[in-house]
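Please arrange chain B on chain A, whose structure you already have, making use of the hints.
Okay, here's what each chain looks like letter by letter:
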Amino acid sequence: MRFSFIELDARGRAFALLDGGTGGELCGPFERIESPWLEPQDVVPQSDDGVVVVRGKLDGRSAVVIGIEQAFQGGGIGEVSGMKLATALSLAARDSRAGVPTAAVLLLETGGVRLQEANLGLATVAEVCSALLELRALQPVVGVIAGMLGCFGGMSIAAGLCTELIMTREGRLGLDGPQVIESEAGVAEFDASDHTMIWSIDGGTQRTRTGLADVLVPDDVAAIRSAVIEAVGCGVPAEHRSQRIGELGALLAAVDPADPPKPGDLAAVWGRG
Amino acid sequence: MQTLNFEFPADRPPARRAHVGVAGSGDLEVLMTPGPAGVARVRVRTSVDGFDTVWRVVLERFFARHRVAAGFELNDSGATPGVVTLRLRQAVEESMEEGSA
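Going line by line, the protein sequences match chains A and B. First residue of the first sequence: 1, per full-length UniProt numbering; consecutive thereafter. First residue of the second sequence: 1, per full-length UniProt numbering; consecutive thereafter.
In isolation and in its complexed conformation, chain B is listed as follows:
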């Protein structure tokens, strides 16, 4: 298991927090909390060591497109880059929906 921390420039505060996914095989859990302005702060805990560069590239690409100023906690159990991007998008969508927690 490995813990990685990243920061990306961001300027769009989310409406509310969001929680999606499960830290189960091939999947990941994402907790998203509205955070300080101007930055997306990401902490990744992953079951698979040594993929620092892949994580950086996947997250860079996501946050270049979705400049969401929030804290992101990712609990990962070996999700592929595609699944990671889908879960992040799902979290951002949920944070914009009416009536979610």
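Bound conformation, chain A alone:
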């Protein structure tokens, strides 16, 4: 029987990936390190600021899982939640250098930077990316996008930097979210109410078919855990996807923005069908 991963909250997801009984939460809700910027803007804060950091073992090896809670502020990244992400990655890098190789798993259910903390959120996303780059040279950083919210904005850049990216069919990945594109470029460019069209472009099936994500899994705890274990087991590649600039540039060059291919044809256009 399938056991849904995405229906768990962020804490439940983080513990579910780790070996049973090995997880310990860092900087948890009782530390009460919440965002200081929300209450003055009439928004109720959450005690963990929507990011859950759990250290433990993954198939016997040291790992940290960082989960973003999509139910709180749409998984938006603020100053505190972003620094929790960045610091957890930095500490994993420090431990890895000190002889305790520690891989990281990011559960990326997020609309990107939290608007109420605009510039501070952007600054912390830069810190997250910087810490991710530091760690991925030493140990794998595996991203998981399970759905339905998806991973957008600044955090989609972090997703692009991951050693491996695991998605479900329900997951979505894009730099700008559908509503942002519609409001900036018009409904003719992108109709944010057309779910079939959105998933045909941003959805996990399309992202893995076209090689922008690596593994497509069902929304099931056991399936996602084994995909994560396999990804961590592959170790650090000689070259990450985001370093293959020439290859990515060639993909862009193969698409004519004035006459773009249909989503279903894109994998073939890119020779990845």
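If you are wondering where the hints come from, they were derived from the structure by calculation, not from laboratory data. C-beta: ideal position from N, C-alpha, C; glycine also. Be aware that a few hints might be false.
To list a few chain A residues with every Cβ distance to chain B over 10 Å, as calculated [as the list claims (entries may be wrong)]:
id : residue
1  : L115
2  : M148
3  : D219
4  : G235
One-sided excerpt, in silico: chain B residues whose CB lies under 8 Å from chain A [unchecked claim]:
id : residue
5  : V22
6  : A23
7  : G24
8  : T46
9  : T53
Derived Cβ-Cβ restraints for the label pairs, each shown as a range [stated by the list, open to error]:
id : chain 1 : residue 1 : chain 2 : residue 2 : range
10 : A       : L26       : B       : T3        : 24 to 30 Å
11 : A       : Q41       : B       : P13       : 33 to 39 Å
12 : B       : N5        : A       : Q243      : 52 to 58 Å
Frame of chain A, contents of chain B only:
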């Protein structure tokens, strides 16, 4: 957003602290910490203004039945009275379970 504070008589100290829920739409987060004897102290931060009386009635009813002497911090994002009561019960149950934080 509105902050409300309540106190209710209580005489049952919980075994340990408990954390349940998310401050997401229609839900709330509850942090429960063993507190001074004889009182349940509740701080509510809610996204919806003007429901002071409803909060008082819901909490009064809960603490009349579960006389848990603890501090309760509720971060609420528009949960209905039924959801509030369920989350409080869940927190009390978790505080009695073996091995939780």
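Taking the hints in turn, this is what the structure says about them:
1. Listed as a non-interface residue, A:L115 keeps its Cβ farther than 10 Å from every Cβ of chain B; the least gap is roughly 16 Å.
2. Its beta-carbon lying about 14 Å from the closest one in chain B, A:M148 satisfies the requirement of being farther than 10 Å from that chain.
3. No Cβ of chain B comes within 10 Å of the Cβ of A:D219; the nearest lies about 19 Å off, and the non-interface call holds.
4. The beta carbon of A:G235 sits about 33 Å from the closest Cβ of chain B, which is more than 10 Å, so the claim that it is off the interface holds.
5. A cut of 8 Å between beta carbons decides the hint on B:V22: the least distance to chain A is about 5 Å, and the hint holds.
6. Proximity of B:A23 to chain A holds as hinted, the smallest CB-CB distance being about 4 Å (cut-off 8 Å).
7. The interface hint given for B:G24 holds, since its Cβ lies 3 Å from the closest Cβ of chain A, which is under the 8 Å cut-off.
8. With a cut of 8 Å, the hint placing B:T46 at the interface with chain A holds, because the nearest CB-to-CB distance is about 7 Å.
9. The restraint placing B:T53 at the interface with chain A is violated, with a minimum CB-CB distance near 20 Å, outside the 8 Å limit.
10. Taken as a hint, the range 24 to 30 Å holds for the pair A:L26 and B:T3, whose Cβ atoms sit roughly 28 Å apart.
11. The supplied range of 33 to 39 Å is met by A:Q41 and B:P13, whose beta-carbon atoms lie about 37 Å from each other.
12. The hint said 52 to 58 Å for the Cβ distance between B:N5 and A:Q243, and at roughly 54 Å that hint holds.
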